[in-house]
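Q: Just so you know, the sequences run in chain order A and B. If you're matching positions, the first sequence starts at 12 in the working numbering and goes up one per residue. If you're matching positions, the second sequence starts at 12 in the working numbering and goes up one per residue.
Calculated from the structure, these hints are not laboratory results. There may be inaccurate statements among the hints.
Which copy? The list can't say, so a pair holds if one copy fits it or any two copies do.
Straight-line C-alpha distance at most 20 Å; calculated EDC-like pairs for lysine to aspartate or glutamate [as the list claims (entries may be wrong)]:
| # | residue 1 | residue 2 |
| --- | --- | --- |
| 1 | Lys-359 | Glu-38 |
| 2 | Lys-545 | Glu-112 |
| 3 | Lys-558 | Glu-185 |
| 4 | Lys-359 | Glu-185 |
| 5 | Lys-359 | Glu-461 |
| 6 | Lys-359 | Glu-36 |
| 7 | Lys-542 | Asp-527 |
2 protein chains.
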Amino acid sequence: MLGLMQSHPLLVSSLLVHAARHHGEAEVVSQGVDGAIARASYRAVERRARSLVGGLSGLGIAPHDRVGTLAWNSQRHLEIYCGVQGMRAVCHTINPRLHAEDVAWIINHAGDRVLMADLSFVPLVEAVAPLVGSSVQAVVMLCPPEQMPAVALPEGMALLCYETLIEAGEAAGEAYQWPVFDENSAGVLCYTSGTTGRPKGVLYSHRSTVLHALGVNMPDALGFRAVDRVMPVVPMFHVNAWGMPYAALLAGASLVMPGRHLDGASLARLMNAERVTITAGVPTVWLGLLEHLRASGERLDHTRRIIIGGSACPALLIEAFPVEYGVPVEHAWGMTELSPIGTFNKPKPAQAALDPEAHRQHLLKQGRAVFGVDMRIVGADGAALAWDGVQFGDLQVRGPWVCSAYYGEAPGSALDGEGWFATGDVATICPQGFMHIVDRSKDVIKSGGEWISSIALENLAMSHPAVAEAAVISARHPKWDERPLLLVRAAAGQPIDTAELMRSLSGQVPRWWLPDAILVVDELPHTATGKLQKTVLRAAYGDTLMKLAEA
Amino acid sequence: MLGLMQSHPLLVSSLLVHAARHHGEAEVVSQGVDGAIARASYRAVERRARSLVGGLSGLGIAPHDRVGTLAWNSQRHLEIYCGVQGMRAVCHTINPRLHAEDVAWIINHAGDRVLMADLSFVPLVEAVAPLVGSSVQAVVMLCPPEQMPAVALPEGMALLCYETLIEAGEAAGEAYQWPVFDENSAGVLCYTSGTTGRPKGVLYSHRSTVLHALGVNMPDALGFRAVDRVMPVVPMFHVNAWGMPYAALLAGASLVMPGRHLDGASLARLMNAERVTITAGVPTVWLGLLEHLRASGERLDHTRRIIIGGSACPALLIEAFPVEYGVPVEHAWGMTELSPIGTFNKPKPAQAALDPEAHRQHLLKQGRAVFGVDMRIVGADGAALAWDGVQFGDLQVRGPWVCSAYYGEAPGSALDGEGWFATGDVATICPQGFMHIVDRSKDVIKSGGEWISSIALENLAMSHPAVAEAAVISARHPKWDERPLLLVRAAAGQPIDTAELMRSLSGQVPRWWLPDAILVVDELPHTATGKLQKTVLRAAYGDTLMKLAEA
Numbered sequence: 012m013l014g015l016m017q018s019h020p021l022l023v024s025s026l027l028v029h030a031a032r033h034h035g036e037a038e039v040v041s042q043g044v045d046g047a048i049a050r051a052s053y054r055a056v057e058r059r060a061r062s063l064v065g066g067l068s069g070l071g072i073a074p075h076d077r078v079g080t081l082a083w084n085s086q087r088h089l090e091i092y093c094g095v096q097g098m099r100a101v102c103h104t105i106n107p108r109l110h111a112e113d114v115a116w117i118i119n120h121a122g123d124r125v126l127m128a129d130l131s132f133v134p135l136v137e138a139v140a141p142l143v144g145s146s147v148q149a150v151v152m153l154c155p156p157e158q159m160p161a162v163a164l165p166e167g168m169a170l171l172c173y174e175t176l177i178e179a180g181e182a183a184g185e186a187y188q189w190p191v192f193d194e195n196s197a198g199v200l201c202y203t204s205g206t207t208g209r210p211k212g213v214l215y216s217h218r219s220t221v222l223h224a225l226g227v228n229m230p231d232a233l234g235f236r237a238v239d240r241v242m243p244v245v246p247m248f249h250v251n252a253w254g255m256p257y258a259a260l261l262a263g264a265s266l267v268m269p270g271r272h273l274d275g276a277s278l279a280r281l282m283n284a285e286r287v288t289i290t291a292g293v294p295t296v297w298l299g300l301l302e303h304l305r306a307s308g309e310r311l312d313h314t315r316r317i318i319i320g321g322s323a324c325p326a327l328l329i330e331a332f333p334v335e336y337g338v339p340v341e342h343a344w345g346m347t348e349l350s351p352i353g354t355f356n357k358p359k360p361a362q363a364a365l366d367p368e369a370h371r372q373h374l375l376k377q378g379r380a381v382f383g384v385d386m387r388i389v390g391a392d393g394a395a396l397a398w399d400g401v402q403f404g405d406l407q408v409r410g411p412w413v414c415s416a417y418y419g420e421a422p423g424s425a426l427d428g429e430g431w432f433a434t435g436d437v438a439t440i441c442p443q444g445f446m447h448i449v450d451r452s453k454d455v456i457k458s459g460g461e462w463i464s465s466i467a468l469e470n471l472a473m474s475h476p477a478v479a480e481a482a483v484i485s486a487r488h489p490k491w492d493e494r495p496l497l498l499v500r501a502a503a504g505q506p507i508d509t510a511e512l513m514r515s516l517s518g519q520v521p522r523w524w525l526p527d528a529i530l531v532v533d534e535l536p537h538t539a540t541g542k543l544q545k546t547v548l549r550a551a552y553g554d555t556l557m558k559l560a561e562a
Numbered sequence: 012m013l014g015l016m017q018s019h020p021l022l023v024s025s026l027l028v029h030a031a032r033h034h035g036e037a038e039v040v041s042q043g044v045d046g047a048i049a050r051a052s053y054r055a056v057e058r059r060a061r062s063l064v065g066g067l068s069g070l071g072i073a074p075h076d077r078v079g080t081l082a083w084n085s086q087r088h089l090e091i092y093c094g095v096q097g098m099r100a101v102c103h104t105i106n107p108r109l110h111a112e113d114v115a116w117i118i119n120h121a122g123d124r125v126l127m128a129d130l131s132f133v134p135l136v137e138a139v140a141p142l143v144g145s146s147v148q149a150v151v152m153l154c155p156p157e158q159m160p161a162v163a164l165p166e167g168m169a170l171l172c173y174e175t176l177i178e179a180g181e182a183a184g185e186a187y188q189w190p191v192f193d194e195n196s197a198g199v200l201c202y203t204s205g206t207t208g209r210p211k212g213v214l215y216s217h218r219s220t221v222l223h224a225l226g227v228n229m230p231d232a233l234g235f236r237a238v239d240r241v242m243p244v245v246p247m248f249h250v251n252a253w254g255m256p257y258a259a260l261l262a263g264a265s266l267v268m269p270g271r272h273l274d275g276a277s278l279a280r281l282m283n284a285e286r287v288t289i290t291a292g293v294p295t296v297w298l299g300l301l302e303h304l305r306a307s308g309e310r311l312d313h314t315r316r317i318i319i320g321g322s323a324c325p326a327l328l329i330e331a332f333p334v335e336y337g338v339p340v341e342h343a344w345g346m347t348e349l350s351p352i353g354t355f356n357k358p359k360p361a362q363a364a365l366d367p368e369a370h371r372q373h374l375l376k377q378g379r380a381v382f383g384v385d386m387r388i389v390g391a392d393g394a395a396l397a398w399d400g401v402q403f404g405d406l407q408v409r410g411p412w413v414c415s416a417y418y419g420e421a422p423g424s425a426l427d428g429e430g431w432f433a434t435g436d437v438a439t440i441c442p443q444g445f446m447h448i449v450d451r452s453k454d455v456i457k458s459g460g461e462w463i464s465s466i467a468l469e470n471l472a473m474s475h476p477a478v479a480e481a482a483v484i485s486a487r488h489p490k491w492d493e494r495p496l497l498l499v500r501a502a503a504g505q506p507i508d509t510a511e512l513m514r515s516l517s518g519q520v521p522r523w524w525l526p527d528a529i530l531v532v533d534e535l536p537h538t539a540t541g542k543l544q545k546t547v548l549r550a551a552y553g554d555t556l557m558k559l560a561e562a
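With the hints as extra help, turn the sequences into a complete structure.
A: Okay, here's the thing in structure tokens:
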């Protein structure tokens, strides 16, 4: 027996239409590449998105075609998000911080037919264009005609102007009705910037995106209201800007788009001038803002909440913003494969009873599962571990906005037999369901079936005054399979006594966590974004303990 | 091209499982029929719901079977909601305030195989049982064995005890896995208590119920958080208790179930003893609470919000609770056919600029559309009217939790050609999208193509000191088709001068709104629930103006 309710597919266009009909006066404020402020109502954005469909249709773009974007957060990027998906094409948001070769590889893999690019990406476009001639037929610059730059493109690749395209599509857009289609249709394609191997594409559906918007706009997650003015600092090319554009449309909250101006001074100015109530981004951005506020003496006049995710939140931020600026900081966790939000650290009744220090420790956890995401931790044998806040294991997730396979691969191929997706993180979960990431799966040390957190050991080592930087890797071991090896770089003028360092670690961790050896090195290898390259270290030092055992 | 995300159907069991896994320690507090307080965690409720499935399966209940409930708000009713739907059977919530004959008609129409009843409904069960012998095979009393009452049932209809059923199902429940099935499957059946004709059944699907729970738990609607303790005063037999049980499971909010004790003193005691933060119900209940608080001097120590719906909220409540008790009152609107929530009166930025009197008037509006519900107003010709806050027309809605047809009828049969459902209400919508109900469609006066609100005229007439009660009906008119006729009952010892009353009305409404005649009557007819019976008045007085014209 089926229910007798109306069948309306969950489509991204329904978010835009809701905003235009019921919050038509709410606005999108955009800071352009040149710093100029532009304003448009949701009513205008919806009308322009229809004109965009008219313009793209004129170029021959059809349902299922991919449209690539190289763009900052802006009104135009929002129009592309909604217009491209609304016509059942696929919006492919490209991370412009990747190397040109990787960008080209991604564009070719996605088969993008058109590229939409902000003015600041002309050099990148010129580097990429010769490598993607087979699929890309046109580059559309996100500007009015009078700002059109010269862009060197290969023969056969057209250079177009976004505002001219919108104008060309106006007549068709006037009468356009957003089509109704299968909610499982692809809507957005976003590649992970995987640290190993080629980037992999995650292909969101309209259903997953709308359910994510609903799920993450609960009061215990993003929680946007119509009176809010939301500034997404995390880029729209980075996992849907954490779903904020969609959640804002759903709630009728106004959006304040910072463009490319993400330094502390620019953010503070925009937050105060545009009365931003909620903002979200990665820790680095907020460290920059904090530094600027402390130096300038400026305040945050309207901001009620700062949401932090993307990587573990430093304790400094969790303490400084509430105490010095009266703005609570909220920790969230997610990943590209999760649309991205999985957990949010919002209180349960028990948190009210924590003393201040326990509360600070609690806020460092990544949070509890939002409805729509289920999670568990499993040990090396794949069996689920208890939620005791102590045991840690591989974090797995499942739910309607978790990916099932990467672009080009068979549905379900990214999952295990029970439908779980392995996040690649290692975490604990406390009895109240708060998850805390302790390591990456590939970095955790598996010592005779028991796991040791490399990050916990590194943090301890770095608290020693003589240590400037520390890396803990798993080194092969004849008896325990893997044991921790600690590599340290000395602080300037502070020679390291490894025996003394080992003594300082003992007592602070279980005895069997202590590294089997400590090596002092001159330099530790890093990726372009500043992360430790543990693969390089494992290649160089992975056999150290075997050699010691043989010796 | 389809997305590559996981496919998880939206099932009611997923709400319960989420609550048990991620909010296992949150609790359901139930005030029994006898006033005793019982507590259970969501973890326990989920386990008992599985045992219930085991017990019902033992009785032969299978997917698609209907299970009727005659029950107050309680933990057991929540277990039935979730267990029955979780096994893919249909939970049929019956309004025990209807006449026994209507209850029997509904049970026969639904084809209920089992009835679950609270102890206070033994007389009703005994009255109904002889009339429903063809489908109902057992009556399950919601109590432990030691409280089992004597109930006179027809031969062949078994009398069972709920706690015994749970115990019988425990072993089967232990290993039970909630089945995964089509999210469009029927989950709950609820009959409208239509004022005309037979009750009509609305058959919610799992999909509509889960989407409703997500949509109405936005911060600008119910907005439950894990730290909330929610008391649904509106009964679970009345349109899913407005979706609150589901929203609480989703948010991990604790539930405080008042049972049958809905008088002001009982509610105040429970709200303070159980630290209720949010509650919701019809205006009558809150008038009772207000009266009790004023008389007793008690305060509301923990309550942050009172949500009012079900019928238009009196200005008294909107003013008294915030001013006297510091608790804001929020106005919402919905109906059985909408699961039920359609609109919620939460502020937009513009409301901050209203002066106090304009703000009070604003709060009397039913609110703006929740994402998931679209609405419009149409004139007599079916054309959409402008949202100017002045013009009023028939209110129509559509969306994934709006009904498409009544139980037993063809899908789509309750909709017009464009998929809109006519609510039977007449409303204005202001430019900001706030809807205000001005009349029922069948009561509005259609005067030469222009509409006049009977309710607005009645309210004006009743503000005259000599008028105890007023009714405005549409009377047939030779030129204008319909014109307003005002019937008034005089206040004790206050003879009514109709000419003077007419003069007092003029100036307060457009000239053409003034009634064509005023009749003073001794008595106005009412329904059992105290509403004016305008059908009776139209039958008696509908030709008054025609006769006057002939005379």
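Q: Tell me, in ascending order, the numbers of any earlier hints that this structure violates.
A: 2, 3, 4, 5, 7
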